[in-house]
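**Q** Sequence:
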Amino acid sequence: MSLITAPFTTASGADVVVRFCPSPTGTPHVGLIRTALFNWAYARHTGGKFVFRIEDTDAERDSEESFEMILDGLRWLGLNWDEGVGVGGPNEPYRQSERKHIYLEVIEKLKASGHIYESFLNAEEIDARNKAAGRAVQLGYDNSERELSAEQRAAYIAEGRSPALRLRVPDQDITFTDLVRGEITFPAGSFPDFVVVRPNGQPLYTLVNPVDDALMGITHVLRGEDLLSSTPRQIALYNAMYEAGITKFIPQFGHLPFVMGDGNKKLSKRDPESNLFHHRDRGFIPEGLLNYLALLGWGLSADRDVFSLDEFVAAFDVANVNPNPARFDQKKADAINASQIRLLAADDFKSRIVPYLQSAGVLGKTVSAEEDAILNAAAPLIQERITVLGEAPDLLAFLFKSAGEIVIEDDARNGLPDNAAEIAHVSADALEAVAEAEFKTEHIQQVLNAVLIEKMELKPRVAFGPLRTAISGRRISPPLFESMEILGKAETVSRLRAFA
RNA sequence: GGCCCCAUCGUUUAGCGGCCUAGGACGCUGCCCUCUCACGGCAGUAGCGCGGGUUCAAAUCCCGCUGGGGUCACCA
1 MSLITAPFTT ASGADVVVRF CPSPTGTPHV GLIRTALFNW AYARHTGGKF VFRIEDTDAE
61 RDSEESFEMI LDGLRWLGLN WDEGVGVGGP NEPYRQSERK HIYLEVIEKL KASGHIYESF
121 LNAEEIDARN KAAGRAVQLG YDNSERELSA EQRAAYIAEG RSPALRLRVP DQDITFTDLV
181 RGEITFPAGS FPDFVVVRPN GQPLYTLVNP VDDALMGITH VLRGEDLLSS TPRQIALYNA
241 MYEAGITKFI PQFGHLPFVM GDGNKKLSKR DPESNLFHHR DRGFIPEGLL NYLALLGWGL
301 SADRDVFSLD EFVAAFDVAN VNPNPARFDQ KKADAINASQ IRLLAADDFK SRIVPYLQSA
361 GVLGKTVSAE EDAILNAAAP LIQERITVLG EAPDLLAFLF KSAGEIVIED DARNGLPDNA
421 AEIAHVSADA LEAVAEAEFK TEHIQQVLNA VLIEKMELKP RVAFGPLRTA ISGRRISPPL
481 FESMEILGKA ETVSRLRAFA
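FYI, the numbering used here numbers position 127 of the first sequence as 127, with every residue one higher than the one before it.
Read the hints as simulated data drawn from the structure, not as lab findings.
Remember, predicted model here, so these are calculated numbers, not experimental data.
Treat the hints loosely; a few may be bogus.
[Claimed, not checked] The calculated lysine-lysine pairs, modelled on DSSO-like cross-linking and capped at a C-alpha distance of 30 Å, are:
#, residue 1, residue 2
1, K248, K100
2, K350, K331
3, K269, K332
4, K350, K49
5, K265, K248
6, K365, K269
All chains, full assembly: derive it from the sequences and hints.
**A** Printed below as a string of structure tokens:
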């Protein structure tokens with residue numbers, strides 16, 4: 001007999017209500033965001049509600065700064081919520097730090113119904129009891145205070161001790177059907193009565209999380225696998241809340257696979273790629289990151305891994321989430337992002353690289369009409385060749401500089417032929433003769449081909465390397481002739497002449 | 001240690017008993033395209049952890065083992 005069978009009304013028939021409830025500690029982790037994404041997608045897929053709540057019950061570790069970062073991250077990615085922090089809703093407030101009065105009420109009810117009881121033993125005493133009884137210390141609490149007599153209680157109080165509150169865990173197996181893993185059973189006795197309220201009256205996560213889920217009508221709890229073993233405890237609490245008339249049903253649970261780093265360990269906060277903003281700073285676009293994150297434990301189909309958010313939402317179902325741990329593969333993520341960049345409309349792409357050009361100092365705070373024109377011409381040239389937007393500044397900087405500011409990089413200089421300077425100067429002469437109006441990509445190519453390839457009989461590779469270096473200073477650049485057209489005749493000739 | 005989860009190419013994933021001499025993607029290698037780098041095209045590389053069952057037939061179902069991970073707080 002498992003607890004979640006009758007008398008519960010399961011959530012399966014109800015409108016879907018999912019939630020994302022991070023605790024604001026540190027910078028947002030990609031695993032956390034993946035969890036948010038799957039919850040969001042499930043809500044959107046089913047036409048349900050996505051609730052955003054903040055679990056800031058640990059004043060020691062929580063910070064407002066971290067809270068702001070989570071908001072920033074969700075907004076950047078476009079993961080909007082229907083109810084919760086910032087947007088309000090019927091279950092305000094949505095920050096646990098502001099909900100203490102609610103928990104106090106629940107605690108009173110649970111006390112009155114006998115589901116939670118006072119526990120005076122401290123950690124040392126619990127260990128001592130286990131040792132004295134010849135039990136392993138790891139067993140923890142032995143439920144010995146379930147039936148404290150009034151005298152015993154009075155004695156503790158007389159000593160000036162205040163009790164913690166523990167949930168009376170039913171002595172029976174607890175079974176539930178995990179949405180991604182199927183049926184899971186925890187045998188009776190897998191864990192002891194656990195503390196839900198500290199002696200100082202502070203309710204703990206063990207209480208507060210299920211209480212909020214119950215009060216907010218959460219139907220599906222989609223969260224990380226690390227919480228799998230706390231699920232039976234929460235089901236026991238739900239059982240108590242049901243019996244105390246606090247909730248009408250129990251949600252369904254689905255535990256999403258871990259996001260792993262290198263080796264066989266979870267992607268740690270120490271790993272730079274765990275940080276959401278690390279990717280934004282490098283120049284991931286939301287479409288790219290979201291697409292990749294969706295692949296962490298899920299797939300659209302056997303032969304497609306680049307897809308839009310809409311396609312993702314239309315196809316997503318928790319039931320199809322893979323239970324295996326997923327590895328965060330930066331190379332694959334980069335490849336997905338590159339593909340998503342290719343799919344952007346030209347205008348859109350242009351506007352997205354601007355902030356990166358600005359923060360790299362290639363462009364100033366305001367973009368002049370002249371610079372905008374260059375961007376319009378140049379952006380399409382690099383949209384096909386970059387992986388992250390952060391590559392744009394290096395690729396485009398030379399277009400916004402003057403001849404004198406071009407610095408020839410060693411990498412570019414090394415591969416050049418001995419007569420590189422001659423090639424540059426001959427080209428300058430040839431281009432000098434081109435009419436201003438004729439200074440277009442195609443014509444530039446014809447002129448240079450004539451003088452370098454045909455007349456000097458150079459291989460294209462040998463001929464154009466020096467020119468690329470002369471005008472851009474780099475070995476890698478946008479296409480050469482297009483770049484020359486953008487620079488204009490005078491600037492191009494000037495750079496070629498300056499090359500030595 | 002108790003309890004729980006997981007197990008297909010280097011990585012990720014398809015496969016839910018015969019379509020599998022195991023498919024795709026990323027990566028890697030080679031070739032083609034080519035003014036560099038990319039893009040694109042073509043080809044190649046490499047995998048069902050082990051052992052038992054069940055079955056006419058198992059990557060697919062069952063059991064065991066091994067390996068990995070998580071969790072056992074008056075953290076979340």
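**Q** Give me the numbers of the hints this structure contradicts, sorted from smallest to largest.
**A** 4, 5 and 6
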